[in-house]
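Protein chains: 2
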Amino acid sequence: MTSAEKVSLIHGAGGEMMQSLIGSVFAGIRNNNAGGIGLEALDDGAAIPFGDKYIVLTTDNHVIKPVFFPGGDIGRLSISGTVNDLAMMGAKPIALTNGVVIPEGFPIDDLKTIVRSVDEALAEVGAAIVTGDTKVLPKEALDSIIINTSGIGITDRPIRDSGLNPGNKIIVTGTIGDHGISLIAHREGFKFGSELKSDCAPIWKTIEAALKVGGITAMKDPTRGGVANVLNEMAKKSHVSIHVQEDLLPVRRDVRAAADMLGIDPLEVANEGKAVIGVEAGMADVVLAAIRKTKYGKDAVIIGEAREGSGVIMHTKIGGQRFIEPPLGDPVPRVC
Amino acid sequence: MTSAEKVSLIHGAGGEMMQSLIGSVFAGIRNNNAGGIGLEALDDGAAIPFGDKYIVLTTDNHVIKPVFFPGGDIGRLSISGTVNDLAMMGAKPIALTNGVVIPEGFPIDDLKTIVRSVDEALAEVGAAIVTGDTKVLPKEALDSIIINTSGIGITDRPIRDSGLNPGNKIIVTGTIGDHGISLIAHREGFKFGSELKSDCAPIWKTIEAALKVGGITAMKDPTRGGVANVLNEMAKKSHVSIHVQEDLLPVRRDVRAAADMLGIDPLEVANEGKAVIGVEAGMADVVLAAIRKTKYGKDAVIIGEAREGSGVIMHTKIGGQRFIEPPLGDPVPRVC
Ligand SMILES: Nc1ncnc2c1ncn2[C@@H]1O[C@H](COP(=O)(O)OP(=O)(O)OP(=O)(O)O)[C@@H](O)[C@H]1O
Ligand SMILES: Nc1ncnc2c1ncn2[C@@H]1O[C@H](COP(=O)(O)OP(=O)(O)OP(=O)(O)O)[C@@H](O)[C@H]1O
Ligand SMILES: [Mg+2]
Ligand SMILES: [Mg+2]
Ligand SMILES: [Mg+2]
Ligand SMILES: [Mg+2]
Ligand SMILES: [Mg+2]
Ligand SMILES: [Mg+2]
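Chains as they are written, first to last, in UniProt numbering: chain B, 1 to 336; chain U, 1 to 336.
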């Protein structure tokens, strides 16, 4: 990037432009590893060896607008986001932080509602908020509450986003596009049916069930930039191609309808309660069955497989093939 | 708090009003402990037992304005703040997170400068940034960059802010009020001499030296709300009174001059590279000597002692006594 360049909205939108900003600025941090998997891996979190286990550490800022949305609120979102990044590294979530920046004038009752959602999401996975921080900014300085949730988890063996091998099956743990499409529809004031709501959920129990079966080679949660972005990252980092069957992609009918009307690809928007999982072929059916038995895994399917080569290829319903490109950025702003 | 109440600036200013907001809202989180010391302790961080050690976890949002200030910048501040909270728990800082929220239009060169400061501060203590997150907000939504830094450290034995016993000596590791007073003077465009700059520093090495000697019973860093706030918190939580000698309080001449002119008490403003330490009386001199040998401990002094009773009492230069009250909030806004 040249010296005159400034940060633009797309730099925070989870796609190729954000990767480029991170690559040219933050990945330049030299003190970037504390043993194990550090910043250089650009994975969902870091994993630091400790005794015979690993401590996984991850962080996310949540700037979603509006703060209360169909299917959740910023409290549930912040816990889910951090629990899920820990889970993607194979780690049981243990302890989380609650760093809030509040605009002056924010109703205290709304804070209490958010705290209740935080508690409900924590209870689902048995994690705790153990520390936090509170800053308040003048209303001219900040338009909406920001919550940073960092967290630690424990694992015997970290799972990476780069571990796919040719032949591995690719599972998604449920329907695609619900969070991003429902959020934009809500913001635009569209009504597409009552089913249209965020999938925002802490999915550790689903991931735990999959890990117990075994054969998992890679995981990543398709947040900003969606499944399109995550498949591309996993393929690139794993040095494989990923082949996906269009007719296997699980998209809710009303999500599809809203996406069509809005001109947005459900593959490119954020999900907040889903995982993309690579599994050894021989284990795929048992892992899938275990996932489907869990609350947030009922709609899980195998959508394709990893092969030699590079890129993400969609085999279309009419028998054609096309690349699924990584988006420059998520088309829906302030989505998480 | 009643249902119509709204968050105001003083709720984020580190004093009694913030404690009241935290107490009535965030301390209501029920899933608040992962073993060991959790949110209920309201200490500088949490400490979770792991094998025969403790993992300490802490977090801070940094919203300081301006981002570049005399003696540091938001990068150095964010690392120092988190390193110091880990250190206050007795923990060696290991791995930190870098969660940034950037306003659209922020110069990429400034980001790079901040990253350099981050790296320098990390190198001073041997810690690493291992993971991060990047969000961008429209310039109407946010006026200045926010950095959340969370972190983990390791200790055999967590030190609490509530461990003072009657008879313990109270050490401050250096001069008081430098950060807050220099920041407000800079913002107001005052020139009080070249020495007026933030004390912003990661002081793990100073704390490590003190811990190696032994006899430390309590620690807390006097950030928002200053030494006045921290002494009151430590006294209250430890069920002791603290007696301080006014003529022993180390305040730089130019800090004193600026504070007088601004009508601000240096005891009530944030420090960003200092600790208040309780030590068993018999160890106080050796601990002090060890601290003074370190880079950020040269001006350390014993300022008083803990006794039976309650409250913080200043023994004035002219032989009188008065309470040092906890401030409602730090008089300098957006100080960290
Ligand atoms: N400001 C930053 N400093 C250091 N590393 C960063 C920063 N922003 C992002 N990263 C790193 O870049 C990678 C991608 O970050 P990203 O936030 O997209 O991951 P994620 O949290 O899994 O996704 P999402 O934020 O959409 O939930 C991660 O490894 C993250 O640690
Ligand atoms: N939003 C929050 N949610 C949960 N706990 C919080 C929140 N804000 C603060 N706390 C807790 O309240 C206590 C006081 O927080 P505070 O931020 O003042 O501590 P600190 O980080 O040591 O000081 P500073 O932020 O000035 O550096 C800490 O134990 C902290 O974990
Ligand atoms: Mg992720
Ligand atoms: Mg994430
Ligand atoms: Mg804090
Ligand atoms: Mg502190
Ligand atoms: Mg702090
Ligand atoms: Mg992230």
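Because the hints were derived from the structure by calculation, they are not lab data. Treat the hints loosely; a few may be bogus.
Repeated chains share a single entry, so a pair holds when one copy, or any two copies, can fit it.
[What the hints assert, rightly or not] Below, in silico cross-link-like pairs of lysine-lysine (DSSO-like), each with a Cα-Cα straight-line distance of 27 Å or less:
{"#": "1", "residue 1": "237", "residue 2": "191"}
{"#": "2", "residue 1": "212", "residue 2": "237"}
{"#": "3", "residue 1": "139", "residue 2": "6"}
{"#": "4", "residue 1": "139", "residue 2": "53"}
{"#": "5", "residue 1": "293", "residue 2": "6"}
{"#": "6", "residue 1": "237", "residue 2": "112"}
{"#": "7", "residue 1": "6", "residue 2": "112"}
{"#": "8", "residue 1": "53", "residue 2": "92"}
{"#": "9", "residue 1": "139", "residue 2": "298"}
{"#": "10", "residue 1": "65", "residue 2": "6"}
{"#": "11", "residue 1": "212", "residue 2": "293"}
{"#": "12", "residue 1": "92", "residue 2": "237"}
{"#": "13", "residue 1": "295", "residue 2": "92"}
{"#": "14", "residue 1": "65", "residue 2": "92"}
Quick rundown of the hints versus the structure:
Proximity of residue 237 and residue 191 under a CA criterion of 27 Å is satisfied in neither setting, with 39 Å inside one chain copy and 53 Å between copies. Taking identical chains as interchangeable, the C-alpha atoms of residue 212 and residue 237 lie at most 27 Å apart only when both belong to the same chain, with a minimum of 25 Å there against 44 Å between chains. When the C-alpha separation of residue 139 and residue 6 is checked against a cutoff of 27 Å, the pair qualifies both within a copy, at 24 Å, and between copies, at 12 Å. For the identical chains of this complex, residue 139 and residue 53 are neighbours neither inside a copy (45 Å) nor across copies (43 Å), given an alpha-carbon limit of 27 Å.
With identical chains, the CA atoms of residue 293 and residue 6 are never at most 27 Å apart, being 48 Å at best within one copy and 44 Å at best between copies. Taking the shortest Cα distances, residue 237 and residue 112 sit within 27 Å of each other only across copies (26 Å), while inside one copy they are farther apart (42 Å). In this assembly of identical chains, residue 6 and residue 112 lie within 27 Å of each other by CA distance solely across copies; the values are 12 Å between and 37 Å within a copy. When the C-alpha separation of residue 53 and residue 92 is checked against a cutoff of 27 Å, the pair qualifies both within a copy, at 12 Å, and between copies, at 19 Å.
Within a single copy, residue 139 and residue 298 get their C-alpha atoms no closer than 43 Å, and across copies no closer than 41 Å, so neither meets the 27 Å cut-off. Both within a single protomer and between protomers do residue 65 and residue 6 lie at most 27 Å apart by alpha-carbon distance, with minima of 23 Å and 19 Å respectively. For the identical chains of this complex, residue 212 and residue 293 are intra-copy neighbours only, at 13 Å inside a copy versus 53 Å across copies, given an alpha-carbon limit of 27 Å. In this assembly of identical chains, residue 92 and residue 237 lie within 27 Å of each other by CA distance solely inside one copy; the values are 24 Å within and 33 Å between copies.
Taking the shortest alpha-carbon separations for residue 295 and residue 92, only the intra-copy value of 17 Å comes in at or below 27 Å, while the best inter-copy value is 40 Å. Within a single copy, residue 65 and residue 92 get their C-alpha atoms no closer than 29 Å, and across copies no closer than 38 Å, so neither meets the 27 Å cut-off.
Hints 1, 4, 5, 9 and 14, counting from the list given before, are not met by this structure.
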